[in-house]
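Participant: Hey, can you work out the whole structure from these sequences and the hints?
FYI, in our numbering the residues of the sequence shown are 20 to 295.
Derived from the structure by calculation, the hints contain no laboratory data.
Hints are supplied without guarantee of correctness; some may be wrong.
In silico BS3-like links for lysine-lysine, alpha-carbon gap of 30 angstroms or less [as the list claims (entries may be wrong)]:
hint : residue 1 : residue 2
1    : LYS222    : LYS133
2    : LYS169    : LYS222
3    : LYS133    : LYS39
4    : LYS221    : LYS108
5    : LYS108    : LYS133
Have a look at the derived ranges for each label pair, beta carbon to beta carbon [to be verified]:
hint : residue 1 : residue 2 : range
6    : ASP264    : SER88     : 39 to 45 angstroms
7    : GLY163    : ASN91     : 37 to 43 angstroms
8    : ARG271    : GLN79     : 48 to 54 angstroms
9    : ASP254    : SER88     : 27 to 33 angstroms
Ideal Cβ positions, reconstructed from N, Cα and C, are used throughout, including at glycine.
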Amino acid sequence: MSTEKQPDVSIILPVYNVEKYLRRCLDSLVNQDCSCSYEIIIINDGSQDGSADIIGEFEQRYDFIRAISQENAGVSAARNAGIAEAKGKYVALVDSDDFVETGYISVMYELAEKHDADIVQCRYRNFFEKSQSSMNILLSHRKGVFDGEKALGSLITDITVRSYPWNKLYKRSIFVDNKIAYPINRRFEDLITTPVLFSHAKKVAFTREVLYNYSHRSDSMTGCAGRSMVESYRDAVITLGEFIDSNGLYLRYRTRIRLLTLKAVFTLYGMIARQY
20 MSTEKQPDVS IILPVYNVEK YLRRCLDSLV NQDCSCSYEI IIINDGSQDG
70 SADIIGEFEQ RYDFIRAISQ ENAGVSAARN AGIAEAKGKY VALVDSDDFV
120 ETGYISVMYE LAEKHDADIV QCRYRNFFEK SQSSMNILLS HRKGVFDGEK
170 ALGSLITDIT VRSYPWNKLY KRSIFVDNKI AYPINRRFED LITTPVLFSH
220 AKKVAFTREV LYNYSHRSDS MTGCAGRSMV ESYRDAVITL GEFIDSNGLY
270 LRYRTRIRLL TLKAVFTLYG MIARQY
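Facilitator: Here is the structure:
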């Protein structure tokens, strides 16, 4: 039986052809200012650029980094593989072209431990690669701890709570005990999966601290709106609607859900308009 101490937090980092941004991301992750222990699990999802060399360099330098290589299967498969390998009580899901603040782990970890929260969410800022400028996003102006039902209602209906996976810390047991995985070969996978995770949370904590930097770049998948992207968003919204119905949420939040539907229509319209 192994007596090796397990890390408090596992950071899951899917990587696919991001050599231009990967070093910045990894530098921000290895320089966390926290008293808790953490590991970084890098999933190289079949990168064809110089990402593998950067991964190898960091894995050699830091004993808390583990790297796994797989054939290209998409970000959902990479996240699932990382969660399966994770040993921490908590998991954080970071995108490899983004970067985090030094308190990214410590602030959310301490909140989770203090309140026995299943999920903790922080604020984030948009970082625009072309202009090298940033803008804070006033999401999660809320602060405090909420029961899972109230947090789920906010996630579905409130613009101040979004379904992004990367500005949150999760108890790993939520994934494992409830057999939750990100859907393979589906875009907008977070719109589908995050509400399910919230539905299994007893407590969700929110902090106003800005701890995550979300990269906006012209060559990213989410920055391109083609026909398949529009159809993927439509399908994700339909799946979300099915989840709302199956959990009896519509009657409770029908006014806000109507606003959410209207917002989805405008988002789809914007995607279609950008094609012409």
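Participant: All hints, please: hold or fail.
Facilitator: For each hint, the structure was consulted:
1. LYS222 to LYS133: Measuring from Cα to Cα gives roughly 11 angstroms; hence the hint holds.
2. LYS169 to LYS222: holds (9 angstroms)
3. LYS133 to LYS39: violated (38 angstroms)
4. LYS221 to LYS108: Within the cut-off at roughly 16 angstroms; holds.
5. LYS108 to LYS133: holds (14 angstroms)
6. ASP264 to SER88: 39 to 45 angstroms: holds (40 angstroms)
7. GLY163 to ASN91: 37 to 43 angstroms: holds (41 angstroms)
8. ARG271 to GLN79: 48 to 54 angstroms: holds (53 angstroms)
9. ASP254 to SER88: 27 to 33 angstroms: Given about 30 angstroms between the Cβ atoms, the range holds.
Comparing the model with each numbered hint stated earlier shows that hint 3 is the single one that does not hold.
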